[in-house]
Amino acid sequence: MRKILAALLIGAAAAAGAGAAMAQDGPLRIEIDQGVIEPLPYAVPDFVPETPAASEYAAQIARVIAADLSGTGLFREVPASAHISKVTGFDNPVKYADWKAVNAQALITGAVSVNGNQLAVRFRGHDVFAEKELGTGLQFNGTTDGWRRMAHKVADAVYSRITGESGYFDSRVVYVSESGPKNDRRKRLAVMDYDGANVQYLTNSASIVLAPRFSPSGDRVLYTSYESGFPQIHVLDVGQVQRKVLSSGDGTMSFAPRFAPDGRTIVYSQTQGGNTDLFSMDIQTGAKSRLTSAPSIETAPSFSPDGSQIVFESDRSGSQQLYVMPARGGEARRISFGEGRYGTPVWSPRGDMIAFTKQNKGRFHIGVMRTDGGEERLLTASFLDEGPTWAPNGRVIMFTRESQGSAGRALLYSVDITGRNLKPVKTPDGASDPAWSPLQN
Amino acid sequence: MSGLKLAIAAVAVLGLAACSNNRWDDTANGGGAGAGAGAGAGALDPASPAYFQQSIGDRVLFLVDQSTLTPEAQGILQGQARWLTQNGDYVVTIEGHADEQGTREYNLALGARRANAAREYLISQGVAGHRLKVVSFGKERPLEICSNEACYSKNRRAVTVLAGGLTG
Numbered sequence: 001m002r003k004i005l006a007a008l009l010i011g012a013a014a015a016a017g018a019g020a021a022m023a024q025d026g027p028l029r030i031e032i033d034q035g036v037i038e039p040l041p042y043a044v045p046d047f048v049p050e051t052p053a054a055s056e057y058a059a060q061i062a063r064v065i066a067a068d069l070s071g072t073g074l075f076r077e078v079p080a081s082a083h084i085s086k087v088t089g090f091d092n093p094v095k096y097a098d099w100k101a102v103n104a105q106a107l108i109t110g111a112v113s114v115n116g117n118q119l120a121v122r123f124r125g126h127d128v129f130a131e132k133e134l135g136t137g138l139q140f141n142g143t144t145d146g147w148r149r150m151a152h153k154v155a156d157a158v159y160s161r162i163t164g165e166s167g168y169f170d171s172r173v174v175y176v177s178e179s180g181p182k183n184d185r186r187k188r189l190a191v192m193d194y195d196g197a198n199v200q201y202l203t204n205s206a207s208i209v210l211a212p213r214f215s216p217s218g219d220r221v222l223y224t225s226y227e228s229g230f231p232q233i234h235v236l237d238v239g240q241v242q243r244k245v246l247s248s249g250d251g252t253m254s255f256a257p258r259f260a261p262d263g264r265t266i267v268y269s270q271t272q273g274g275n276t277d278l279f280s281m282d283i284q285t286g287a288k289s290r291l292t293s294a295p296s297i298e299t300a301p302s303f304s305p306d307g308s309q310i311v312f313e314s315d316r317s318g319s320q321q322l323y324v325m326p327a328r329g330g331e332a333r334r335i336s337f338g339e340g341r342y343g344t345p346v347w348s349p350r351g352d353m354i355a356f357t358k359q360n361k362g363r364f365h366i367g368v369m370r371t372d373g374g375e376e377r378l379l380t381a382s383f384l385d386e387g388p389t390w391a392p393n394g395r396v397i398m399f400t401r402e403s404q405g406s407a408g409r410a411l412l413y414s415v416d417i418t419g420r421n422l423k424p425v426k427t428p429d430g431a432s433d434p435a436w437s438p439l440q441n
Numbered sequence: 001m002s003g004l005k006l007a008i009a010a011v012a013v014l015g016l017a018a019c020s021n022n023r024w025d026d027t028a029n030g031g032g033a034g035a036g037a038g039a040g041a042g043a044l045d046p047a048s049p050a051y052f053q054q055s056i057g058d059r060v061l062f063l064v065d066q067s068t069l070t071p072e073a074q075g076i077l078q079g080q081a082r083w084l085t086q087n088g089d090y091v092v093t094i095e096g097h098a099d100e101q102g103t104r105e106y107n108l109a110l111g112a113r114r115a116n117a118a119r120e121y122l123i124s125q126g127v128a129g130h131r132l133k134v135v136s137f138g139k140e141r142p143l144e145i146c147s148n149e150a151c152y153s154k155n156r157r158a159v160t161v162l163a164g165g166l167t168g
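Chains as they are written, first to last, in the numbering used here: chain A, 1 to 441; chain B, 1 to 168.
For the record, the hints were derived by calculation from the structure and aren't laboratory data. Idealized CB from N, CA, C, for every residue including glycine. Errors might be hidden in some of the hints.
To be verified - Some but not every residue of chain B turned toward chain A, in silico, with C-beta under 8 Å:
| # | residue |
| --- | --- |
| 1 | L69 |
| 2 | E72 |
| 3 | R104 |
| 4 | A109 |
| 5 | L110 |
| 6 | R113 |
| 7 | A117 |
| 8 | S136 |
| 9 | C146 |
| 10 | S147 |
Please construct the entire structure, taking both the sequences and the accompanying hints into account.
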């Protein structure tokens with residue numbers, strides 16, 4: 001809070017014509033933990049095209065960067081119509097006074113060059129009131145097809161330099177695309193960029209698919225499919241779209257699969273004689289071991305990022321609640337004690353929190369709590385909110401929100417873990433069961 | 001006639017006689033419909049799947065978050081067991097379902113509990129276990145689509161689906 005206030009004060013003072021001295025108080029910084037009151041104003045003029053073919057990318061890249069930064073709710077763009085300076089050369093000196101005058105505290109400048117199908121993007125961040133660069137400039141190289149990814153990488157770098165947190169824009173989301181009426185819903189697996197761009201379908205809609213999850217390196221997806229008529233666990237290589245069925249075909253139901261951080265072990269639910277327990281499996285060898293043996297429902301597991309523990313839901317107490325146990329099974333400790341029912345726990349990538357779905361008094365909520373169950377906070381409320389997934393930096397949660405009634409449909413939403421910035425995620429059709437990838441390399 | 005042929009014939013009959021949305025109402029309100037079921041269609045062959053669905057009742061309903069069989073459900077399952085004993089050619093899949101008030105994976109497990117409760121009861125009534133498979137669809141296949149108890153109560157169900165015959 002101190003630092004953002006300092007930054008805001010600088011802005012206010014500068015607007016009053018007396019700013020520069022205070023800028024030395026500290027670097028341009030947003031402390032996310034404190035709950036930002038006022039978004040930080042920044043400018044991202046069109047990048048400079050350095051080759052003729054670069055023109056079409058130069059403006060679009062700046063727009064994607066702006067969408068990323070402003071989309072967090074932590075930053076506010078000073079629109080191009082207010083800019084005084086025009087950036088015409090990447091290495092030209094920045095006229096800080098022109099950016100101070102429009103109260104842009106951060107400035108992002110960049111250049112784009114295209115050679116064949118190769119795209120190079122250079123950028124610099126600037127702390128306008130300190131009149132210096134925000135970290136060193138960077139260059140990203142890739143193909144022209146991947147221009148959005150390079151924009152996300154620039155935005156990640158800027159976000160990271162100003163917040164001190166790692167970014168999450170260069171990431172993907174695997175989810176279930178939904179179409180058709182409620183009593184004849186068609187589902188297929190889809191993957192997209194975190195912002196809804198570049199949707200790609202991974203399965204057809206011939207069989208029900210549920211609850212996909214990325215592998216720790218993002219190269220594979222685990223999900224449940226009814227292709228055989230029974231729910232079974234499938235693993236799909238995202239790049240090659242090759243599939244493999246992991247669970248046995250003997251008519252037992254297997255579902256709710258999740259990767260361990262080692263990318264080799266999975267934990268999942270298996271139902272025998274109406275009773276659902278948790279098992280683990282080595283994907284290479286197929287060796288299985290039982291993790292729970294209770295007459296109650298044990299499902300929706302999630303590994304701690306260090307792989308040592310599993311959080312899951314069970315109705316052993318009489319209603320759905322959250323429990324934590326060692327990754328190899330053993331005694332489970334209940335961590336949810338509030339009113340209502342708790343399900344779909346997901347361990348945060350930082351390891352410090354667990355996100356969950358809560359049902360209470362006919363409403364659904366997405367919430368977070370510490371891993372010992374303390375400090376429970378509900379972030380959302382609606383007719384049906386379900387299935388949180390964490391952004392790779394543990395700052396944002398995406399989930400499914402389903403509307404009520406015979407025309408009800410499911411859509412994806414995201415919300416900060418502060419509870420701020422609740423907003424829909426654009427998808428071409430209905431969408432459910434999102435799972436966020438790690439940050440891409 | 002083999003079970004398989006019988007099943008095909010039954011599909012044709014059903015296509016004419018009932019649409020999926022009011023089939024349950026026919027069964028539920030038909031009460032002791034028995035030989036009178038399929039009004040206008042004449043008496044159904046008591047060995048036909050259509051008779052099983054419409055006159056015996058192919059589904060049982062559950063209370064919220066419960067998998068315990070109500071006395072009504074037990075009555076229907078007793079009828080199913082008698083029919084399955086008399087028509088030994090059929091294998092069945094019992095499909096368990098949940099209403100939309102619940103998380104997806106929990107509802108899958110809950111549907112499995114319901115389907116299994118029906119299966120165990122049929123076995124207790126003398127139907128061989130190897131004829132009875134179970135599968136759960138959780139909240140994925142609602143029959144009724146409103147978001148209130150009138151619909152939810154019909155969606156919390158275990159449906160006994162006759163499949164191909166045990167031929168050969």
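Right, here's what the structure says about each hint:
The restraint placing L69/B at the interface with chain A is violated, with a minimum CB-CB distance near 12 Å, outside the 8 Å limit. Given the 8 Å rule on beta carbons, the hint for E72/B is violated: about 20 Å separates it from the nearest Cβ of chain A. About 6 Å separates the beta-carbon of R104/B from the nearest beta-carbon of chain A, less than 8 Å, and the hint is met. Nearest Cβ of chain A to the Cβ of A109/B: about 4 Å, under the 8 Å cut. The hint holds.
Annotation: L110/B was flagged as interfacial toward chain A, and the flag holds, the nearest CB pair being 7 Å apart, inside 8 Å. A distance limit of 8 Å between C-beta atoms decides the matter here; for R113/B the minimum to chain A is near 5 Å, and the interface restraint holds. Against a cut-off of 8 Å between C-beta atoms, the interface hint on A117/B holds, since the closest Cβ of chain A lies about 7 Å away. For S136/B, the suggested interface contact is upheld, since its CB lies about 6 Å from the closest CB of chain A, less than 8 Å.
Given hint, C146/B at the interface with chain A, holds; its Cβ is 5 Å from that chain's nearest Cβ, closer than 8 Å. Taken as an interface hint, S147/B checks out: its beta carbon lies about 4 Å from the nearest beta carbon of chain A, inside 8 Å.
Taken one by one, the earlier hints fail for this structure at numbers 1 and 2, listed in ascending order.
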